[in-house]
Structure formats: C-alpha cells, structure tokens
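K.L.:
This is what each chain is made of:
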Amino acid sequence: MDKHPVLIDYLLEVLDGGSTLPGTESEASPIQSIVNRLKERHPWSETPVLEEPIEKTLLRKGVVADPIAVSSKQDQQPAITLQLKDVDSMMVRLCSRRAPAPGNLARDEWPPMYVCARLWVQSDLMEFKDMLKHFETPEAVQASNDLLGLKSPWIQGDAARNCKQWAQEVCESLKLEALGRFLVPVLLKYICDRFISDPTLVINERAELANVFQQWKPADAEQLIEKQILLKELCIGRRESNMPAWAGRISQTKRVRDMKEFEHLNQRLATCGQSDKEVPYVTFMYGSCNISKSHV
Amino acid sequence: MDVVKIQSLDQDQRNDLINRRLRGESEQTFHTQLKSVFLQSPEIAGSPFLLCLLIKVFKTEGTIPTSRHHLYKRLVQGLLANHAVKLYKTTAGSVDDLMQAQIQIFCKHAPEFLQAIALVCHLRLNQRDFQWGSREAQTQIQTKMQEIWSNDELSLEDMGTSLLEPSTVDLLSNVGGSQYRFSHLTLQEYLAAKCILRLYYDDMQKILDQLSPLHDRWAKEVAQFVACMLPDEKFTAFCQLVFQNTDDTGVHCELVSDFLKERGGSEEVHLMVRNRLQTIRGTESLIAGLCHPLLDLRNRVLSEMKKFETPPNPFSDGTTTRLRQIAEDKCDVWHKRAAAIISLVQIAQMDHCKKCDGRADTLAWLFEMLTSFLDSRFESGSDTNHQIYFPLVKGLGILLKGQFDDQNLHVDASSRREDDALVLKILQTSARLGSLSEAIADLELFSTPLLAWLLDQSVMLVDGSWPARHVFFMCKKISPDDGEQVLRLVQKLLKRIHALSFNQTDLDSCNTALSCTQERFGRKQMLSPMLQLLDAGEADQRVRMLAAAKLLKLHFSSDLHDLCDFCVASIICELARCLLEDVGHTSSITAEGGATRDKTLLAHILDNICYGQTPSSD
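Chains as they are written, first to last, in our numbering: chain H, 128 to 423; chain X, 507 to 1124.
Chain X extracted, bound-state conformation (with noise of 0.2 angstroms):
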C-alpha cells in the first residue's frame, strides 16, 4: 500500500494556497497578520491544516490568532455555532426567539460535552474512537462521564442527540455505525486540556496528576497545551510541580522547554530548567558525555549544553579546565583525549558561551598544542600521541572556519577577521611551528595577511619545512591584482624547487603550483627567475629546474624573444652544454649505460626546451 506523507508547505506552496482563498486586500492584511504568527509559531503557518484554519478564522473575524489553542477556540466555537443554527432549522423552519434561546443553551454547554468526551476518551481511555448511544457506550464513556458531568440544565443523552444523531458536527465524524471520532486527534487533544483546565484550574497538583506521566504518548501534547493556556504564575507553579516529580533522565527539562518554546519565555521557569538538568547530569556525567567516544552521544550532550545553556558558563565553573587536562594528558586513551578536544571547541562556538572570551581562548590553547605536538610526539614516542592530531586540526578548522558538523554554527566576518590577526600574531610570536603550518595546510588557511607574512620568512618557503600543498593553495588564492606578490611567490616556488634540500615528496604539489601559477599569470613570470637558476647549483638542482621548464612547456628562446632579449638563446645552450657536461661527470660514478640515458634524456630536454624543436635521431 502506497502511504503519502504530508510535508510543511514551503514558501510558494503557502502563498498559493492563501491566494486561492482569499483575493484582493484582505489577502496583504492576511500576509502582514500571518509574518507575526510565523515568527513565533513557525508550524501553525506551515502546517496545510492548521493554514487553512487560519484562512478560515480570518475571513470570519478578520483577524488570525497567534497561538494554536486561541485557533482551536475559534474553531470550535465557530463550528458548534453554524451547527446550532442548522440543527434548529432543520426542527423549527425558521429561528425564533424560543430557539434563539435553545441555540444559546446548546453553545452554552455543547464545548463542555465536547470536552468531558474528549477527556474520557483521550486519559481515561486512551482511545481515539468512541461508541454513542449503544448498551456498551452506557457501561465505558458515558459512566466516565457522568462523573465529570455536573450540568443541570441539559443531560448527557441530551447533548449526545443534539450533537451525534441528527448529523455529526464538523468536529466529530462517524466512523461507521454508532463510532465516532474527532476530526483530528490535536482536537481531541486541546479538548482534554480545556476540560482538565475547567475542572482542577486552582488545583495544579491534580492538573500535573491527571497528566502523568507528563511523557506518556497520550498526555504528551495535551499537557503542551495546558501549559499554553494557564497565565504565568500558574504557568510557573506547574513547572515547580513538574520538577519535583522523579525524573532521572532529562524528560521534564525537555517537555517544560517545548512549553516555553510555545508559549514564550518566562526567566524563571528558563532557570528552573537549567538547574534541574544541571543537577541531573552531573559534573562527572557530562564531562563523561563529552569525552564519549561516539559522535552520536557527544553531540546529544553537547546539544543540550547549547540548548539549555547549561552550564551557563562552562569556561569559569571548570568544565573547560577539565576537558584540557583530560585532552593535555598524555597518559589517557588516545580517543578520550580527542573527544575533550573536539568538544572543548565546540562548546567554545556556542553561543551562551561567547561573551566570557572562551573562544578567544580555546584558540590559543590549540596553538599551543599544535606547536608542542611534534616535540611531544618525539619524547613520549607513542602512537597514541599522533591520534592527537587529526582532532587538533579538526578542532582548529571548527574554530576558524566554524565548521560545527551537522550544526551549522558560522562564524561572523568580524570573529573572522580577528581570527586572522590571532593566527597572525602567532606565527609571528613563536620561535618553533611545530605542527601548526601542517595544520594551517590542512585547514587551507589563506589571508592576504598571511601570505605577506610567508613571503618574509624566505627559509621557510624555499627550504621545505612550510608544507608544499599550501604553498600550491597560495598559488590557487592569490589574487592576480597584486603582481608583486604573485612575483614574489613565483621566486619562492621556484628557488625551493631548485634548493639543495628539496624534497622529492613535494614534488607533485610544487610542479602543480607551478602549472597553476602558468596557467593564472602567464609564463612571462617565470622565465627570468628560471634562468637565474638554470645558472646556478649543482647538476641536480639545474636539472630538476630543466625540468620544470619542460612541465611548463617553456622554450626559452622563442619565448624571451618576445622580451627582446636576442642574447638568451645563446646563453642557454652555453648553459645546457655546461649542464650535460656536469651531468657526464656525476654520472660517471654510476653505471655507463644509466650516464649516457640520462644524458641523451637531458638532451632531449634542452632540444625542447632551448629551440622549441624535437632533437634528431642522432
């Protein structure tokens, strides 16, 4: 069987439905009402059923109510009067005063009638649908009833006739024979909360006893609207009377904040809340949950850390102090130690948490970590230590680039720009790196600070200890405005490339910097500074500029012809028979038949690369 699901209505969806029902100015006074309503109960105006009651209310009141349970007053009310004035026409033709006087006696006590069923069958019996009239319906509801039941002027039998037999209202449907239901269950739900409300309204012991437990499938949403509807300082009696109740796990703290989700906020309730869960968790519990080795249940706690703010500031009461010493000890568990780390910083983005500086804190002791970390790694020369860094690196790219999972936590422009003076300030301040520039490659950090900052530190470029992947995305990022520093960054490349202790393992992203410095700027950039190197070093490293240039496909004579320098052409081939003559030599030391390879490769080269031309079989 196909099952349909119905979603919330998205923006198109909803104003279509709402131009289909009402047209001309009502329409913008609805839209203008409806903005509010949105605002503070998003699903009233997403839902199709609850849109279209409100459509419905508003063409008959001219106004929308703001809350689901005036919605639901209208609608009844509404519903019972039209059925009121058809029930007594059908009887009488025509409305007269004596049945003016009937309708008024029927919308009087039909909504307590409503109620009291709703009540009994929803608490009492927990059941949808309900019999009326037959010998069974006498012994299960109305018994029930009859014991809430306190109406004089009009019996149950009679208010059942009135509202089930002759036609059902809108409210209820028949369900086949003598069965009935309300129209929908969140009916029968506000129903309960009314006749409850009616019933026990000075008494919020027995409103609390009439919905335990407060969690229960069947007093869950009958209780979220009993909550809505009491004024505020009954409102807040019921929580005190809610928190009592035994409740190990968090339920209550999760019921009472969809309350106040709904009906608003109220400070004091919001603290009972926070002082409950607090207690209920435990210092020890919650920094367990967030060294918890499991994503799943670390982001539960933390969820309900950012939720109910609670701690209300973990960086002064110790529960930061503690994550650090769990996460700086080195003779924890490797994924303990993680887990403090990746939620130290998680809680440091949170935003109850911004105002006491933690941020700019955490930042810091992740620096630190990040430059002792390879020092570390060597004294204690453990694995479990190397585990450290890939959630120091994680946390440093939730922090600067405000990744927060699948939380969608963003960092401000502002804390952005602060962030880049503090990495900044860094660099600058430290004497060792330690693992920080590996982090800042992973991170794929760039600023135009940064780079101009790298540029300076000319060892580090060329001498391979600054990763050769980030020096690659510096290439990819720089912007083409600034030609010295494109200039700049070319020399570098190339001069670490052609450096005596150049790393084979950078040899991809260096040739791949290069490619992408060709390909953004032009060669022109290039051909001078290589030319400068093809001069200078030992074979290998005059080599390896060869070939680079051959990667660039660059021909030197062709190409600085166009800069007007006719001399080149000659000094290159000076150069390459120097370079082939250099390379005859070291390679004299090995095997002959890999010298003369390596030589006619490099001829091979030069031929390109010098005159543009394939060398001949020769």
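The following block holds chain H by itself, in its conformation from the complex (with noise of 0.2 angstroms):
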C-alpha cells in the first residue's frame, strides 16, 4: 500500500471523514466507483491505480463485505473463535497498560475495545465512562449485549436446546487467558437470572453446567477460585450473606414458589368462602398481603 499514496490520502480522506463513500450510492461497485474518481481527481499522478489494495483497504476498514467471510458465517465456527480470541488480545493489552486513545486504534479495533471496556466496568478498579463513550458504535454495543448474554455469534448454541454443547463453550471460553476471567460473572449472572425466571426449568440446564465444570482443570489459584464460586452457585445459588441486592433476589425466588403455593390455597379461599370457620389455619387473604404485579 506504501506504493500507492494518492489512494491511501484518498482513501482515508472519504472513510476517515465519515462522508458517503464515492459509488456506494449507485450501481457501479464502489471498488471500481473508487478507482474512476482516483483517475479522474489525479489524472497527473503517475502511480497506476490497482483495484486490488483499494479492495484490501475497504475490507479492512470494514466497508464493504468480505465474501470470504460473509461464507464463513454461514458455518460460524471460525469466524466465532476468531472474535473471542481478538476480544481476549485486546483484553490482555489492557490488563497490562492504560486503554489506548481511539486515535491510537484502527477502526476495526473499536469494537472489541468496546466490548473489553463494556467487560472492565464490572471491576470497579477504574473509571470506563469515557472510554465507552469514545469507542461506542451500535454493532459494538449490540456485540457486547451479545456476549453478556452468551448468546451467538459468540457462543453456538442454545442453553434450552442443546445445554451439553452449550455449557461446553462456555467452559472452553473461561479458559481463555484474559477474557476468560471476565466471564466468569457474566455467567454468574446468567445463572441467577435463569434461576429467578424459572427455578424448576433449568434444573438440567444447571445439573449439565456443574458436570461440565466439573472437568475443568484450573491452570492456577485464580481459575481454581473462580471454578469452586461457580459450582456453588450452581448448587445452591448464593447465599443471603451481607449483599442486599442479592438478598432481595433469592427471597424474590423464594417468593415465586410461595406464590405457586398460595395460587392453590387461593383457589380454595375461592370455592370455600373466606370465613376463619370454613377455611382452618390456612387462610390467606390478598388484602394483608403485599402483592406486587408483574408480567414475567
């Protein structure tokens, strides 16, 4: 590209100031579009205009779609390992140095930073708000939602269909040496929130998870904590200790299955009557009690 420096300044000038890109708007393919306008601005330069390193630019820029890879989607894999393993560069760069400015990064970097930054947050060691703000794109905020959900394209699979190959992912992905550690919460939270939609149902989505955990060999002390929370939590979930915020969550679980409960007593309060005489000890009434409505 070194060779072609009327393109690069070109190039840069129409991506870089975020202007419409020559072609785009008709029918002509914007790699051809380009090189017409090349020849028409420049026509003293003397540097042959290729097709082929504008074609390479706008790939890597992300421009157009790479036919490549828009194949290799449709089999995922590959591409998917490509992007944890990019996240998890990227993660390792951070652990050891200062976020970079967005000037220092090329574009194409913008999005696993933001989806590293969107992972640094929840260490409340250091303040992230800016550097969201500046690396912010909405296929890097879908991106992350993405895998803060474990969901595809980051981990194949789906926890209700599939749990075993599910929980095999997401495993294989904790052993990835930055990112990993990283999702151990998210997936902490996953289980909590599963558990409080509906406690019964992912009983075997939780028993696969612990089975495949347990196979996990830890590499060192911190991977070896982080299995031994993880398992508990899918025991028995955490317990009421000192945080608040979980508190209310388990006594809301808690609070779900008293619910299943009391829709039965109800039901005979219904055919019964409501007289202390008539409906013995397990009498319940709707107006003593602190009934929240939701939609769950």
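Since the hints were derived computationally from the structure, they do not count as laboratory data.
Some clues are possibly wrong.
[What the hints assert, rightly or not] Subject to a maximum C-alpha distance of 27 angstroms in a straight line, what follows is the list of computed DSSO-like cross-link-like pairs (lysine-lysine): (1) X:K726 <-> H:K291; (2) H:K302 <-> X:K842; (3) H:K316 <-> X:K726.
Hey, can you piece these two chains together into the complex? The hints should help.
P.N.:
Okay, structure coming up:
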C-alpha cells in the first residue's frame, strides 16, 4: 500500500471524513467507483491505480463485506473463535497498560475495545465511562450485549435446546487467558437470572453446567477459585449474606415459589369462602399481603 | 399471563393483619411474643402464610411457637384433631366413648401416615402430587410406603380411607380425581423430615444418606428441618458427618451455616464450618479471589470471609501482609495491585478484624502509599502506576467514610473522631504530602481540626499546592459561627488568586469558592483584603483581583461608604489609573491592537467596580 500514497490519502479522507463512500449510492461497485474517481481527481499521477489494494483497504475498514467472511459466517465456527480471541488479545493489552486513545486504534479495533471496556466496567477498579463513550457504535453495543448474554455469535448453541454443547463452549471460553476471567461474573449473573426466571425449568441446565465445570482443570489459583464459586452457585445459589441486591433476588425466588403454592390455596378460598371457620389455619387474604403484579 | 409475587409483610401490613384477627388484650400479648420471634426468625413474622398460622395457634393455645418446626407441629396436631372430630361426628352423629377411642387412635397414627406419604413423595419419588386408591397408586406410593409403615393397629388403606376419601383434611388438597397434594410444599418437607427422624433417629449416617446430596432442591429444606429438630449433641454429630462428605466448593459450609442461623449457635459447629471453609479455599485461592479483577468475584470471596469469619485473623496469619506485598509490587499488573488494595481495606472494615488493630494499620499504610505515590510515579515513569491512585483514594474513602460498596458498612462516630485525629497526625508529621492532599480533596474530608491546621499552613493554601477544589469544599462547610476562621479562609483564598504562582486551571474552583463565600457570609469580609491586594504585585496579579471583584459584583465606592471609609473611592481611582498604566506598559510588548483591547476591557471593569456604573461610549 505504501506504493499508492494518492490512493491511501484519498481513501482515508473519504473513510475517516465520514462522508458517503463514492460510488456506493450508484450501481457501480464501490471499488470500481473509487478507481474511477481517483483517475478523475488525480489525472497527473503516474502511480497506477489498482483495484486490489483498494479492495483490501475497504475490507479492512469494514466498508464492504468480505465475501470469504460472509461464506464462513454461514458455518459460523471459525469466525467466532477468531472474534473471541480478538477480544481476548485486546483484553490482555488492557490488563498490562492503560487504555489507548481512540486515535491510536484502527477503526476495526474499536468494537473489541468497546466490548473489553464493557467487561472492565465490572471491575470497579477504574473509570471506564469515557472509554465506553469513545468506542461506542451500534455494532459494538450489540456485540457486547450478545457476549454479556452468552449468546451467538460468541457462544454457539442454545442453552435451552442443547445445553451440553452450550455448556462446553462456555467452559472453553473461560479458559481464555484474560477474557475468560471476565466471563465468570457474566456466567454467574446468567445462572442467577435463569434461576429466578424459573427455578424448576433450569434444573437440567444447571446440572449440565455443573457436570461440565467439574471436568474443568484449573490452570492456576485464580481459575480454581472461579471454579469453586461457579460450582457453589450452581449447587445452591449465592446465600443471603450481606448483599442487599442478592438478598432481594433470592427472596424473590422464594416468593415465586410461595406464590405458586398460594395459587392453590386461593382456589380453595374461592370455593370455600373466606371465613376463618370454613378455611381454618390456611387462610390467606389478598388484602393483608403485599402483592405486586408483574409480567414474567 | 399475569403472575403475582408475594412480598414479605412490612410493619404496617403485619399490624393490620394482626389487628383484624386479634382484638383486645390478646393483641398486645401477641405483639410482645412476636417481638422475640421476630428477633430469632424474622422470616416467620414476615411471611403472610406463617403469620396467619401463628395467629391461629395463638388463638388456640395463648402462646406462639418460637421456631418453625414447632409451629408446623402445632398446625398438624390441630388440623388432625379437627378432622378427627368432624370425621367421627359425621359417621356416628355424636361422640361417645367408642368414638373417642377411635379419635385417639386416629390422632396417634395419622401423623405417621402423613409423614410416610411426605417422605415417599418428596425424597423417594421427588414429586408434589400423588394418587391414592387407583391401581397406579398401589404400585407407586403404597408399595414404597409399605416399606416404612410398621403399624399393626391400622392399615395403610384404613388410614387412607379416613384421611383422604371422605373429605380432605386441610393439610391435603384434592387436585382432581384421585390426585392429592399437601397444601403447602413446606408442610410436605416438614413431614418428610419428621419421618426421617422417627425412622433413623439413632443413626446419623442413615439420616444423611436419606438427604444426600444435601444441596438437592428436594433435600435442602428437609435437611434444614431435620437439623433444627435435632438436639445439640446429635446436631454436632450430624454436622461432623456432613463435613466428612466430599465438597470442593463450600456448599456444605453454606448449608450448615443456614442450619445454625435458624436453630441458634453452637460454637463447636461454627468452628467446624470455619475450618472446613479455610481448608477448601486455601491461602493461594483466597488471595487469588481477593485480587481478582472483577468486583463480583471479589465480593463473593469477601462476603464469605465476613460471614464465616474466616480466616479468623487475617492480619496475623499473613493474608493482609500478602495483599500489601502485591499492592506494593510495581512489577505486578496494575489491576491485581488495585484489587489487593480495595480488598485489604474491606477486610479491615470487617467486624471480626476490628479487635486486632487492622483498621488503624491499614489506614496508616494507605497514607504511606499515597504519600510516596508521586515519587514512585516519577521514578517508574509507568502508566500502570497511575492506575493505583484510583484504588488508593477509593480505599481511603472506604476506611474513612465507611463506604463498603453495597454492603452498607458504617464506621461509628467514635471511629470517625479517631480517624480525624489520625489524618491530622499524618498531615502534621509528614514532610511531604505526595498525593495525600489530592486524596483528601477527592474524598471531600472536612473537620474543624483539619481546617485549623490548613489555615496555619499559609504556604500550601496560597502557593497552589493544596487542591483548589478542597478549598472550595471548605468554604462550603466552614461554620458561620467561627468568624475568625472564615476571615482567615477568605484572606487565604484571595491571596491564592493574587499569587504570582497562580495556576489558571484553578480559576474555576477559586471563583466558585469566592461566590460561595460571598453568598454565605456577605461581601464585607472581602472588601478590605481585596483592597490591599489591588495595591500590590504585578499588573497581572492586580487584574486578577479586579476580575474577582467584577465576578462578585463588588462596588468599592458604595460598599466601602457603608464602612464609613470616605477616602476609599479616591484610592480606588488612583489604583485603577496606575493599573491601567501598568497594563499599557505590559501590553506594549504585544500587538498594539491587543493592548488597546485590554485597556478598554479594564476601563470597563474599573468603571463598574469603582463607581457602579457602565462606562460611556467614549
């Protein structure tokens, strides 16, 4: 690319300036359109204008879709592994030094940087708000949401349909050097949320996860404590210790169970009337309970 | 479909429910008894279902049970007695001696029958609903019940007929056809626990076998009932057996801790839990958890430490020493060092660590780290060291203000006074302050002794080495009753703005501080010191003073007239003339247009502050 200074200048001007890419609005291909414009704009240049370097630059910038990537995206696996590794290597960089300024990163590094920043926010060890703002793009937000939900394209498979495959993929992702550490609380939150949504439905899912994590051979003390905490969570859920947020959650779970129990009692109340005599001991009155309605 | 969630009752709702069910003197007695129950088991008093049961038992017996299993025991007894009377009245019309005998036999054996159903359904078949009277029931429930039914007086079929077929006892509900279930899952769990104890009371291992794995959702609540119903010595033996089972995660420690919470403390078992958890976690794992980059994981480990008080003394067993080493090791990654600092201060805040002076030591260590922070930053030239500042300040905040993220730890007033004294001592004895002053500013620390000390340090306040934002904070906090201190602070603030070394980045903070002071204490405090400073220093310094006067909308002539100083106006005019000349000389070095513009601007300001009028268009 160094042999085409005119081309590079022009491309960067167009791409970084945020203007519409020449030719994209017409029917001509973007690459051909750029070549034509370059020839019009710099007729004096002796540098040959070739399509190949333009195409490479556009691909790198993500302006046009890579046909190879598009075809490989259909069978997903290779591209996803690569993406997790991309974020992992970015995370390794962030672990060892300060976050780079946006100007020091190529545009295609912004989404993984945003994903890393979203994960780093959970550390509470430094401020990441500015960093999040700088690197935020709709694609990056979507990508990080998918990762925080342990969903495709990051984690293949569906926990509800094929739990074993999903659990194995999650376990593999935890083995990543840096990113793996940040996925532990994501997984813990996932387990809590699933448990709260329906404690009985996720029993198999939890058991499958527990089986997979039992096989995990921790590489160091950090991974060992992660494994212990994850398994403890899978077995009994976090206890009501001294964390109000969690205490609320676990109580909520109990309440859901109580609610289901009371559903039946309420039916009985409806049939037997509400007098103390007719429904001894197990009387239950809506009016005396603190009931909040919600859509689950 | 809408789903409702039943919340715990709050105080008002609880009182309302009690008031509607109990009236008169008994209500007061109930409240008195409930208080002690609430202290021991808040869940009982908060749950609408359990509170209704408590009221019912109280109505019958005049007292309320203090534990959950006692409450369920009374409930089952009462329901069965009612059912027996109804049952035999219906068949015989009246209760004669023969019927009375039958009632007694029924009441004696019915609990065993219910317990057997509960055990089979809950732990053997893991189900809520069961069938009775059908062929399927013969093979499923009754066969299994037969294994534990050893009653010669009444057969299973007879009991089933008495309890289920004529009308359902209130403990059980018909859910269609020959399908039944216990009215509440906890009833089934309680009865299953009773059955286990009745069958295997002398063999703890067999009890445990019935409940394994303890964390299974079908076994957990039953185990809780079993543990609470065991006498002390058997409970200890039971817990010993629990801990002999394999557990690499700490699940059993949590479960036994729940037992202890409900049934009350047993020091021996507490110790067992602590030792077990310490063995499972191990030192390396514990340190790794405390230095983990993520808050959630650190909080879980810290939460365990706080809850189980393990290790019992982290300040003497090497845990905190190791954390300090990590925090001080400049070769380690920044996030590990930062996490070590935050975890260390959180440990220092834990109740069980207070007796060992850990908090005071940690505070002193933090001060030391902050004091040496700037030096080490310059020495290493490393960016990573910069990232240690955030946790150091946050850590200091946690220690001094009692912040503990969402864990609601508070430092009591006496500790706070000790902290003030310690901060002051450190400030007085430190030759250099390093980043300590910045940390104090970030944390918005304020106390009267701290203010007095700072006012004595005129150099630091005036030369800009003390953060301007903290000076502003002090202006906000200083008490109006202390007139002398207010005046001194205003003087220092004005001198700072006037100083040759004034840093323009402090301008906003200083201006806000001036406005705040004027708003709180009036403008008269400022006029005199400002007038003196207008007469001193280079043109730039005097211009800054005038700008400050303009900001505060001071009109020297009229304001000082109020002070009966009639010659002030002429002094101001003279000062203004000199200043304009000086500015003219200074600006002549720069572009001609710039000098003219500066002079015009100054003339405008001067007219405004000297005479309180806008200048003429000339």
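K.L.:
Checking one constraint from the list: CA of K302 (chain H) to CA of K842 (chain X), max 27 angstroms. Satisfied?
P.N.:
Distance ~19 angstroms between K302 (chain H) and K842 (chain X) Cα, so the pair holds.
K.L.:
Quick one, are K726 (chain X) and K291 (chain H) close enough, alpha carbons at most 27 angstroms?
P.N.:
holds, 26 angstroms
K.L.:
K316 (chain H) and K726 (chain X) were given as a pair; does the straight-line alpha-carbon distance stay at or below 27 angstroms?
P.N.:
holds, 22 angstroms
Violated hints are absent here; each numbered hint is respected by the structure.
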